[in-house]
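**Q** As a plain string of letters, each chain reads:
6 protein chains.
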Amino acid sequence: MYQSTSLTMQKIELIPNNTLITETPEEGRQLAVKMARLIIKLTQPDADKRTEQREIYANDPIMLIQIGQTVAMEFATISKANNYWK
Amino acid sequence: MYQSTSLTMQKIELIPNNTLITETPEEGRQLAVKMARLIIKLTQPDADKRTEQREIYANDPIMLIQIGQTVAMEFATISKANNYWK
Amino acid sequence: MYQSTSLTMQKIELIPNNTLITETPEEGRQLAVKMARLIIKLTQPDADKRTEQREIYANDPIMLIQIGQTVAMEFATISKANNYWK
Amino acid sequence: MYQSTSLTMQKIELIPNNTLITETPEEGRQLAVKMARLIIKLTQPDADKRTEQREIYANDPIMLIQIGQTVAMEFATISKANNYWK
Amino acid sequence: MYQSTSLTMQKIELIPNNTLITETPEEGRQLAVKMARLIIKLTQPDADKRTEQREIYANDPIMLIQIGQTVAMEFATISKANNYWK
Amino acid sequence: MYQSTSLTMQKIELIPNNTLITETPEEGRQLAVKMARLIIKLTQPDADKRTEQREIYANDPIMLIQIGQTVAMEFATISKANNYWK
Chain A
0 MYQSTSLTMQ
10 KIELIPNNTL
20 ITETPEEGRQ
30 LAVKMARLII
40 KLTQPDADKR
50 TEQREIYAND
60 PIMLIQIGQT
70 VAMEFATISK
80 ANNYWK
Chain B
0 MYQSTSLTMQ
10 KIELIPNNTL
20 ITETPEEGRQ
30 LAVKMARLII
40 KLTQPDADKR
50 TEQREIYAND
60 PIMLIQIGQT
70 VAMEFATISK
80 ANNYWK
Chain C
0 MYQSTSLTMQ
10 KIELIPNNTL
20 ITETPEEGRQ
30 LAVKMARLII
40 KLTQPDADKR
50 TEQREIYAND
60 PIMLIQIGQT
70 VAMEFATISK
80 ANNYWK
Chain D
0 MYQSTSLTMQ
10 KIELIPNNTL
20 ITETPEEGRQ
30 LAVKMARLII
40 KLTQPDADKR
50 TEQREIYAND
60 PIMLIQIGQT
70 VAMEFATISK
80 ANNYWK
Chain E
0 MYQSTSLTMQ
10 KIELIPNNTL
20 ITETPEEGRQ
30 LAVKMARLII
40 KLTQPDADKR
50 TEQREIYAND
60 PIMLIQIGQT
70 VAMEFATISK
80 ANNYWK
Chain F
0 MYQSTSLTMQ
10 KIELIPNNTL
20 ITETPEEGRQ
30 LAVKMARLII
40 KLTQPDADKR
50 TEQREIYAND
60 PIMLIQIGQT
70 VAMEFATISK
80 ANNYWK
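Chains as they are written, first to last, in numbering that gives the first Met the number 0: chain A, 0 to 85; chain B, 0 to 85; chain C, 0 to 85; chain D, 0 to 85; chain E, 0 to 85; chain F, 0 to 85.
Bound-form chain A, shown alone:
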């Protein structure tokens, strides 16, 4: 579909199961975390480097906060998609 652009894209699955719908808020939150991680995987495909980087994230307070903001953004979208599991 997007082959008309000059952009290439890694062939990794960016949204597990290709749906934003989850059964519970907890699963929706886990999906938010996974979607955030998969963008990092797309940008840095080397698994060893990602392992190194996760050590850096985990020990740097500002990065921990920023990861929290990323998850909050993804979760906002997932929550709406699920009508807040009401």
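Hints are supplied without guarantee of correctness; some may be wrong.
Any copy, or any two copies together, can satisfy a pair, since identical chains are not distinguished.
Below, computed lysine to aspartate or glutamate pairings styled on EDC-like, alpha-carbon distance capped at 16 Å [said to hold, decoys possible]:
#, residue 1, residue 2
1, K40, D59
2, K33, E12
3, K85, E22
4, K10, E25
5, K10, E26
6, K40, E51
7, K79, E22
8, K40, E12
9, K79, E51
10, K85, D45
Keep in mind the hints are simulated off the structure, nothing from the lab.
With the hints as your guide, set chains B, C, D, E and F onto chain A.
**A** Structure of chains B, C, D, E and F alone, referenced to chain A:
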């Protein structure tokens, strides 16, 4: 459900009581703070390190501001889920 | 309600009067500022340190901008809660 | 109304004319800029310091970008309040 | 309309054609870029300095990312105004 | 349409196929990534420099996180445009 991905996830509860619904705005705000903290816990599972890091956050103005932004984002979602407690 | 988590929380009021509803946009904006400040108070409970930090914020342009972003986020939620005071 | 909290607040008007409603998108955009500036004024009440700081903003690319983000956030709220001037 | 405040504002047009409505998503995206640039122009009115700054943006990865975030924010508003061109 | 402003714009396509509508969440996510990249391309048109910069992004944890935030923002808009593929 997500075992088809190569991502592993800590087995911690990311949303207390597995619901975004709270009785009051005050409880919704507390939930926003907890959800933000639980993402930090997921990323940095070592309790001693988190205690050290909280000392850093509390004394660094830019981190305090960024924590505020994270809470604001989580609270936006929780507020909508509760129809603003109207 | 949240005692099943291992998170402790300061016993401070995070939302004055426990409502997002205000009579006017101006009061809504003031509430946004207060809610943002109360998250800082939660994270840094020492009043003297907060006074020192406010001196830092007020004299650091990037922090002033970031405070503005925090208020904008809180105000977005408050404005929706009040249906934009229409 | 908020005197029950220990927070003090400068007596400045945070929202000109106490309304989010404007006649045109252009006026809505100007209101977004003003609301962003008034939060800076609230946090740094000294006019001379603000003049100095504006010189810093104007010459620092990352600050210019961040100011743009602040205005975008305020404008999102104002646009909704005005139903996008449709 | 805003002369009752002490804020002065450059007399530049902040929203081209004074409307958020565009015919296509592509034009909406271009409008998002322009609206973001016009806030920079408002804050830094000197054209020569802006030219210098654009060289800095274009060669600094974090600034490129931040510009992307600004455009994403403006585009969110424009997209809603146009009901996503559906 | 925008020639009345003094802003010049690269003649590149900012939204592939000029639509926000995709068949699946996965394609919507890919579109979010592409839209984010095209803003970088607009700001830094030199392909060799972009290749160098992508090496920098991929190896800098804070940049990886910030890229994730940009994609999350674009995806929020695309998801709404598609009514969350429900």
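**Q** List, from low to high, the hint numbers that the structure doesn't satisfy.
**A** 9 and 10
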